[in-house]
Each structure stands twice: as C-alpha cells, then as structure tokens.
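Peer 1: Produce the entire structure from the sequences given, and follow the hints as far as they go.
There are 2 protein chains.
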Amino acid sequence: MAKNFKNNAITSRDEDFAQWYTDICKKAELMDYSSVKGFIIYLPYSYAMWENIQHYMDKKFKETGHENVYMPMLIPESLLEKEKDHVEGFAPECAVVTKGGMNELEDPLVIRPTSETLFCELYAKIVNSYRDLPKKYNQWCSVVRWEKTTRPFLRGSEFLWQEGHTIHADEKEAKEETLLMRDIYNQTAKDLLAIPMLTGRKTDKEKFAGAEETYTVEALMHDGKALQSGTSHYFGQGFAEAFNMQFLDKDNKQKYVYQTSWGVSTRLLGAIIMVHGDDNGLVLPPRVAPIQAVIVLIQSQKEGVLEKAYALKKQLEEAGIRVKVDDSDKTPGYKFADAEMRGIPIRIELGPRDIEQGHCIIAKRNDGTKRTVSIDETLGDYVSSLIDTIHEEMYRKAKDFLDSHITMVTSFDEIGKVLDEKGGYVKTYWSGELASELKIKEAFQATSRCIAEDEYPPEGAIDPADNKPAKYIIYYARAY
Amino acid sequence: MAKNFKNNAITSRDEDFAQWYTDICKKAELMDYSSVKGFIIYLPYSYAMWENIQHYMDKKFKETGHENVYMPMLIPESLLEKEKDHVEGFAPECAVVTKGGMNELEDPLVIRPTSETLFCELYAKIVNSYRDLPKKYNQWCSVVRWEKTTRPFLRGSEFLWQEGHTIHADEKEAKEETLLMRDIYNQTAKDLLAIPMLTGRKTDKEKFAGAEETYTVEALMHDGKALQSGTSHYFGQGFAEAFNMQFLDKDNKQKYVYQTSWGVSTRLLGAIIMVHGDDNGLVLPPRVAPIQAVIVLIQSQKEGVLEKAYALKKQLEEAGIRVKVDDSDKTPGYKFADAEMRGIPIRIELGPRDIEQGHCIIAKRNDGTKRTVSIDETLGDYVSSLIDTIHEEMYRKAKDFLDSHITMVTSFDEIGKVLDEKGGYVKTYWSGELASELKIKEAFQATSRCIAEDEYPPEGAIDPADNKPAKYIIYYARAY
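Taken in sequence, the protein lines are chains A and B.
Numbered per the numbering used here, the first sequence spans residues 1 to 480.
Numbered per the numbering used here, the second sequence spans residues 1 to 480.
Quick caveat, the hints were computed from the structure, so don't treat them as lab data.
Treat the hints with caution; some may be incorrect.
Covered, in the sense of this in silico footprint (three residues per stretch, anywhere, with C-beta under 8 Å from a C-beta of chain A), are these stretches of chain B [to be verified]: (1) 39 to 49; (2) 309 to 318.
Partial list, derived from the structure: chain B residues whose beta carbon lies under 7 Å from chain A [said to hold, decoys possible]: (3) 35; (4) 67; (5) 68; (6) 71; (7) 97; (8) 158.
Mimicking DSS-like on lysine-lysine, the simulated pairs with C-alpha atoms at most 30 Å apart in a straight line are [what the hints assert, rightly or not]: (9) B:99 to A:314; (10) A:253 to A:136; (11) B:99 to A:84; (12) B:308 to A:60; (13) A:439 to A:417.
Glycine included, every Cβ here is placed at the ideal spot set by N, Cα and C.
Peer 2: If you want it as structure tokens, here you go:
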C-alpha cells in the first residue's frame with residue numbers, strides 16, 4: 001500500500017477526467033495491468049465490491065426463480081454461426097483457440113463472448129414439454145471480446161459479468177421476464193450503488209445482435225457522458241428457430257419457445273467511480289463499500305487507544321457494519337488522505353482525549369462534514385442509520401445531477417450545442433427512422449441511448465434531424 | 001425433469017461402478033455434455049452444491065486473512081515458460097489462442113491451466129518491502145487443461161476451482177501457510193462433505209510441477225480407488241528467483257519471497273457421489289445438499305394438505321433448513337424414487353390422515369429408516385438436529401470404510417494381491433527411491449498417494465519393492 005501513496009495527488013476531475021479516472025483506479029488499488037493488453041487484474045478492493053454486487057443480485061435472481069449453472073467457456077465456431085445476426089455481431093471480437101494439447105483443432109473454438117448459443121443448444125436438448133418450461137438459468141463468469149481501445153472496468157478484452165438466459169412457453173411471459181430483469185438492474189443501481197438510471201428501449205440500430213428488443217439502464221457520468229450499465233433482451237423465437245428449441249404444448253402441438261437474456265458486468269464498478277468520485281479520490285456508496293467505516297487512531301501509542309479501537313470495531317461489527325482499524329504507523333494526515341482516496345464512507349477518529357471524554361469524531365466522506373458522537377451502546381445504531389443517510393444523500397445528489405442534465409431539444413443545431421456545452425442527455429423527437437439516428441451520430445458523435453417507454457411526442461411533433469413526423473421520444477448522449 | 005425418470009433404474013454400483021457413476025450424473029441431473037469434448041455443463045443441482053462449498057470455504061479463507069482477486073484468463077506463452085519445471089508440467093495440456101479480433105497473435109496466449117505465473121508477475125510488481133508482506137490472494141475461476149480421457153467432475157478439459165497464491169517474508173511462515181490450507185481442506189471435507197481424508201506429503205514424482213513440497217488430501221471411493229481431492233504446495237524460492245520477486249527486508253537487504261499455492265476443484269462433487277452414493281442414487285451429506293428436506297404430499301388434492309405443506313416449509317425455513325415441497329402431479333412412489341435419486345437427506349411424508357393426527361413421517365435417505373414425528377413448534381429443532389445426526393452417521397460410515405481399507409503390507413507380492421482383492425490403500429515401507437515407486441506402478445498400476453507425516457518405519461524395516469532400508473511410511477492405491 002505504502003508505495004502507491006508517495007505522491008497522493010491525483011489529477012483534478014474537471015481538468016482531465018480520463019486521467020483522473022485512471023489515477024483513481026491505480027491509487028485506490030482497484031486494479032492493475034497484466035502483460036496482456038486489455039486484460040486487467042481485479043485487485044482485492046474492486047473485487048470485494050464486485051462480490052457485494054454479486055451477493056445482492058444473486059439473491060434477487062434466486063428470489064425470482066432463477067437458478068445458477070456453469071456452461072463451458074469454449075464455443076465451437078460452427079455453433080456460434082447458427083444464428084446469423086448474432087455471429088455477425090460477435091465474430092469480429094472473438095478470441096480463437098486453434099490448438100489444444102499440442103494438436104491443431106479441426107473445428108476452432110471461440111472463448112465465449114456471450115453464451116446464447118450454448119444455452120440454446122442445452123435447452124433444445126433438455127426441454128420437451130410445456131411441463132419443462134420455463135427454464136430460467138443464470139451464470140456468473142468472465143467473457144472475452146477482443147477490443148482495440150480498452151479502459152479499466154469500462155471496456156476490456158475480458159470482463160466479469162452475469163448472463164441470464166431464459167425460455168418460456170409464451171410471448172407474454174418472456175416479455176414480462178425481460179422487463180422484470182430491467183427493473184431488478186434499475187433497483188440494484190438505486191438501492192445498492194446509489195446510482196439513478198435512465199431506462200428505456202434501444203433502437204434497432206443499438207440493440208443486441210440477434211434480439212427483437214433490448215432494454216437498457218444507462219448511468220450518467222460526472223463528465224456528462226452516458227454509460228450503458230445493464231441490458232435485458234427479448235429474442236422472440238429467432239434463436240428458437242435457428243436452434244430448434246421446440247416443446248409439446250398443452251394443446252398437443254409442437255411450438256417454438258420464447259427467449260430472453262440479460263446481463264450486467266464489472267462496468268458497474270466504473271459507474272461507481274465516475275458517478276460519485278471527487279478530487280480526493282473514490283467516494284463509495286456505503287452499501288457496496290468493502291469497508292464502511294475506518295477507525296483512525298490519533299496517538300495510537302498512548303495506553304488504551306488501541307484496545308478501545310478494537311472494542312469499538314467489535315461493537316460495530318456486531319451491528320453488521322464492515323469496519324477496519326487503521327493502526328499503521330503513519331501520521332493521522334496520511335491516514336485521512338488514504339481513507340479518502342479509498343472512498344471509505346465513514347471515518348471515526350479516536351484519540352486519548354476523545355476516549356477520556358467518552359466520544360469520537362465521525363466524518364462523512366460524501367460531504368466532508370464532521371460530528372462529535374458519544375461512545376455508548378447506541379453507536380452501532382447511529383452508524384447503521386448514518387449508512388442509510390449517506391446512501392440517500394449520494395443518491396439524491398446523483399439524481400439531481402441526472403435530472404439537470406436531461407435537456408429537451410427540438411432543433412437540430414441545438415442538439416450539438418447542448419452536447420458540447422452542457423453534456424448529459426438530449427431528449428428529442430424521433431421519427432423512428434435509422435437515417436435520423438445516423439445523421440445525429442455523424443454530426444455530433446452522439447448515439448441514441450434509449451427510447452422513452454411511457455412518454456410520447458405531442459400531436460404534430462417533428463423529428464429535428466429528418467423533419468419527419470415524430471413517433472417517439474428518444475435520448476441521445478455521448479457515451480463510453 | 002420428467003423425461004429423465006421414465007426409466008428410473010440405474011446400473012448397480014457393484015456391477016459396473018463407472019456406469020453407475022455416469023447414470024447418477026445424468027439421472028440426478030447434475031450435469032450434461034456440451035458439444036465440445038471434455039467440457040461439461042454444470043446444471044443447477046451440482047452448481048448449487050459447488051456454491052455451498054464456495055460459501056463455506058470462502059468464509060474460512062477470509063477468516064484466515066486471505067483476499068479474493070481475479071486474474072486474466074489468458075497467459076502469454078512466454079510468461080508460462082519462465083519457470084522450467086512448471087512449463088514442462090503444463091505445456092502438453094494447454095489450449096492456445098492464436099487469433100484475436102480477426103488477427104493472428106504474435107505471442108500466442110494460453111488459457112490458464114493454473115495461474116502461478118500471473119500471480120508471480122503481479123507480486124513482483126507490487127511488493128517492495130517487508131511491509132507489503134505477506135500477500136495472500138485467492139481466486140475462484142475455471143481453468144483449462146486439455147485431457148484425452150475425461151469423466152464428469154473427475155477429469156475434465158475445463159473445471160471450476162479456487163487457487164490461492166501467497167508470498168511470505170520467511171520460510172517458516174510460508175510452510176505454516178501450506179499446512180494450514182491442507183488442514184482447511186481436510187476440515188471442510190470432514191465437516192461439510194462428511195468425507196474422511198487420508199492426508200500426507202506427495203513424493204517428488206507426484207508433486208506439483210515447480211513445487212518443493214506438495215501436501216494432499218485423498219478420499220477413498222466406494223470401488224476402492226483413491227481420489228486426490230485437494231493439494232497445497234510449498235514453492236520455496238524457485239518461482240521467486242525465476243520471476244525476481246524480491247523485497248527489502250527489515251535488515252535492509254534484498255531477499256526473495258517464499259511462496260505457496262493451493263487449490264480444490266469441482267472434483268469434490270465427484271467425491272461426494274462416489275463416497276456416499278448407493279444403488280438408488282445420490283446420498284447427499286446434508287450440510288452441502290441444495291435441498292435438505294423434501295415434503296412429499298400424499299393425496300395432495302385433499303383439502304388443506306397443500307396449505308399445511310407450505311406452512312411446514314415456512315416453519316422449517318425459519319429454522320434455517322433448505323426445504324422443497326414436491327407438489328407435482330406424480331404418484332407418491334415416483335416422488336419417493338425421485339427424492340432418493342437426488343439424494344435429498346430427509347423426506348417428510350404428509351397426507352390428510354397425518355395432518356388429522358398431527359404428525360408426519362420422516363425418512364432418512366442415508367439409512368432408509370422412518371419415524372413418525374409430531375408436527376408442532378419443535379419440528380424445526382428436530383430436523384436441524386437430524387441434519388447433524390445424518391452428517392455424523394455418514395461421516396462415521398465413510399470413516400469405517402476408509403479405516404478398513406488401509407492395509408499394512410510388507411511383501412512385494414502382497415501389494416498386488418491386496419490391491420486386486422480388496423482395493424483401498426496399501427500402506428508400506430519406502431526407501432525414498434524413485435525406482436521403488438516406479439516398480440510398484442509398473443507391476444500393479446498403483447501410484448503413491450502420500451507419505452505419512454507423523455509415522456516412521458521401525459528400526460530395520462525394508463522397502464518391499466527395492467529391498468533397501470526404509471525411510472518412510474507410504475500409501476499406494478489405484479486412483480482416479
């Protein structure tokens with residue numbers, strides 16, 4: 001740890017956001033680079049956050065009737081090619097195994113970029129009757145997609161994720177599943193990560209390779225760029241036909257299943273950094289933070305200070321709080337800066353004088369405020385409730401930022417102006433035509449993020465890009 | 001599920017053990033085959049067991065100061081080649097990626113067969129001073145080793161495992177770590193899986209590629225063959241020198257670190273099947289069983305039966321028990337056979353007459369005994385304590401089997417005779433010479449499983465294979 005803090009300063013967020021991001025990734029010891037380009041090492045601090053996300057989401061998945069499985073990491077090229085749109089989307093990004101056990105392989109194997117084809121092959125084999133439906137499987141794994149430009153957590157040649165794959169006897173149930181998972185992603189972002197999401201449906205241009213509909217949750221970073229943070233796809237019967245996933249229905253007829261898939265990845269870690277972080281480092285939402293409170297000792301060599309700190313730690317742990325004591329031989333100033341860089345939500349300062357007076361000082365990372373608090377049997381409750389308060393404050397701040405960065409625009413030039421000057425989302429009217437999307441992308445380097453689901457243009461509204469009658473409300477942004 | 005049970009019969013264990021094993025893997029819906037040879041699909045029922053093993057062990061790892069990380073799945077061939085013994089051991093089993101993103105790679109990449117080299121590269125980079133030590137990282141992932149002959153869970157081209165990699169400032173601490181992990185594996189097998197292990201040190205011939213010492217835990221299958229179930233390696237400074245892992249010690253001198261690694265895999269699932277299973281299917285140790293108790297309804301269409309079953313389920317769940325209600329429209333006989341095939345430790349039978357009389361019938365999968373038990377507020381405690389009882393009974397039975405299949409032998413011919421007629425372990429004297437091991441392997445197709453750690457030959461004892469003075473007590477067996 002020590003050597004990373006020789007120079008604690010990081011680049012200012014508003015001066016060079018990209019460099020600020022990289023500085024935090026390194027100085028908070030979230031990741032390191034490996035000798036293979038685009039393949040990062042998830043160090044304990046970021047991996048512990050991913051574990052917290054996993055535990056939270058896995059519980060939700062299981063409560064909603066999903067089961068975990070593990071599928072092979074290698075897919076025969078011939079299998080990947082079975083669904084035309086799908087292979088077109090993924091083939092250019094594949095890592096291909098051509099040798100195994102010293103021999104050349106006849107059918108090369110692709111490291112999974114996603115596992116639709118494997119789940120289809122399995123389901124085609126094990127499902128015969130309506131009694132076997134639905135099947136709702138999920139897996140936690142890593143996938144490989146060969147990327148030219150990579151950034152830690154945001155875009156990598158390998159990343160960790162979960163991928164759910166479900167099949168259903170009817171269309172309605174499959175569509176409900178697609179939306180349910182979108183809702184679970186949205187709720188997780190809100191309740192665990194304190195991140196408000198813009199949600200909606202992707203345009204045909206932006207949807208997943210092979211999907212009929214893709215729903216997305218999109219987070220807004222501090223620099224005004226959007227980050228696609230989770231997607232849920234409805235496939236209809238496209239894969240079912242390509243892979244012959246049929247079942248005998250109650251009416252004694254063979255039918256094709258309806259299918260969904262959905263995933264979130266370690267991109268969420270990037271979202272946490274870029275939504276909440278500041279010029280002193282990470283600011284972690286307390287429910288996902290590996291360490292929720294750090295006890296920093298002032299004059300730890302004084303008799304009784306260390307003992308009191310560990311007694312406090314025990315007390316707080318019994319209240320369900322994740323606590324660390326910083327009993328290193330560094331100065332308090334160094335320890336404060338270290339705790340700030342790592343974004344630990346609550347800092348508890350404890351010195352001999354505090355102990356004498358029966359209190360400690362509690363500082364909140366998210367707004368820097370400090371308060372003197374009595375050390376007694378209510379401290380656990382106090383800190384627990386502070387965790388909720390901090391969570392709410394962080395969510396509220398991010399929500400205000402999001403709300404103030406959605407700008408309704410109805411003229412073409414204004415779209416570019418808002419993106420340049422203010423960033424965030426441009427909300428506008430859309431004809432539903434690809435040409436309109438392409439024109440905006442070309443002119444302003446912005447992509448459509450999603451189509452609003454519950455809001456439609458007023459009578460007579462016009463798409464500002466192609467001047468055709470508007471059918472939808474759509475959101476554009478520059479994005480990661 | 002239904003279609004797998006049209007014919008419920010499985011091959012008898014004593015008639016054809018290999019076929020019995022495969023039958024169980026399929027009929028208990030533990031796994032399925034994929035279209036890539038040697039790569040299996042872990043279906044929900046086996047994956048849930050693996051999750052239970054993960055949760056149990058991960059807690060132990062964290063309690064003993066280990067942290068989880070995630071390393072890249074791809075290793076440059078050039079990096080793998082840095083430690084000579086290591087690459088010799090693994091190169092023949094590697095899957096090699098030669099194409100990425102449509103381009104040929106200059107330095108081919110190997111899918112990790114194990115990750116020593118990656119951890120070494122990281123540690124060399126992030127460790128400078130004695131203050132940075134120890135580093136105790138672990139990861140849960142899958143690895144790929146190209147195998148010619150594969151069997152579900154026992155030997156596959158891809159398997160799930162955990163691999164711990166630690167570095168230490170001194171030899172003593174590293175050796176203690178090696179033994180601590182061996183102990184954790186041994187305890188997990190005993191306390192979670194009800195499997196007694198034979199533990200000891202591997203001979204030089206059988207140790208891990210690149211290790212100075214390998215400790216092993218070995219389980220004994222019902223057919224008398226051994227299964228290596230977990231290993232813990234002490235590397236000394238071999239990798240440290242190859243990878244230049246140095247640190248500045250307290251005495252201001254640059255020194256090489258001392259290193260360990262250790263792993264267990266989904267082989268443990270194979271051990272569970274082959275230690276405890278019988279001719280009616282799986283017999284699961286209750287602490288690892290995904291479903292600990294199944295409530296089977298008799299005449300479920302009768303009023304109140306279903307409601308009572310779900311009330312019971314809720315009551316048992318509140319006592320921390322994993323319960324399922326089988327409310328399918330199958331016959332009770334079918335449901336009983338199904339629960340037996342899946343090895344569910346406790347079956348609770350519930351019909352209208354039982355409810356009237358305020359009791360239910362509880363059957364134990366491990367010994368087939370049944371008992372009538374009152375349905376009242378003590379039922380949760382009763383079932384919880386029954387779980388412990390079943391665990392103890394299963395462990396005791398397996399321990400008796402192990403103990404009665406360790407045969408002390410002091411003549412060469414007797415070794416073969418015992419292996420042929422009785423199976424299990426032959427315990428004998430060893431000179432410490434490779435030639436002795438090779439002679440036994442050649443003559444009897446048995447490998448040394450481990451050297452006893454706390455027991456030595458008496459004065460004058462002779463190795464029966466090479467007639468040289470004995471230095472060690474050693475165990476041989478035919479093995480998976």
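Peer 1: Compare the structure with each hint and give your call.
Peer 2: Hints versus structure:
1. 39 to 49: As far as the stretch 39 to 49 of chain B goes, the hint holds, because 8 residues have Cβ atoms under 8 Å from chain A.
2. 309 to 318: violated (count 0)
3. 35: 6 Å, holds
4. 67: 4 Å, holds
5. 68: 5 Å, holds
6. 71: The hint holds - residue 71 of chain B has a Cβ within 7 Å of chain A, the shortest such distance being about 6 Å.
7. 97: 5 Å, holds
8. 158: Constraint on residue 158 of chain B satisfied, holds at 6 Å.
9. B:99 to A:314: Roughly 53 Å between the alpha carbons, so the hint for residue 99 of chain B and residue 314 of chain A is violated.
10. A:253 to A:136: 23 Å, holds
11. B:99 to A:84: 21 Å, holds
12. B:308 to A:60: 27 Å, holds
13. A:439 to A:417: With Cα atoms ~15 Å apart, residue 439 of chain A and residue 417 of chain A stay inside 30 Å; holds.
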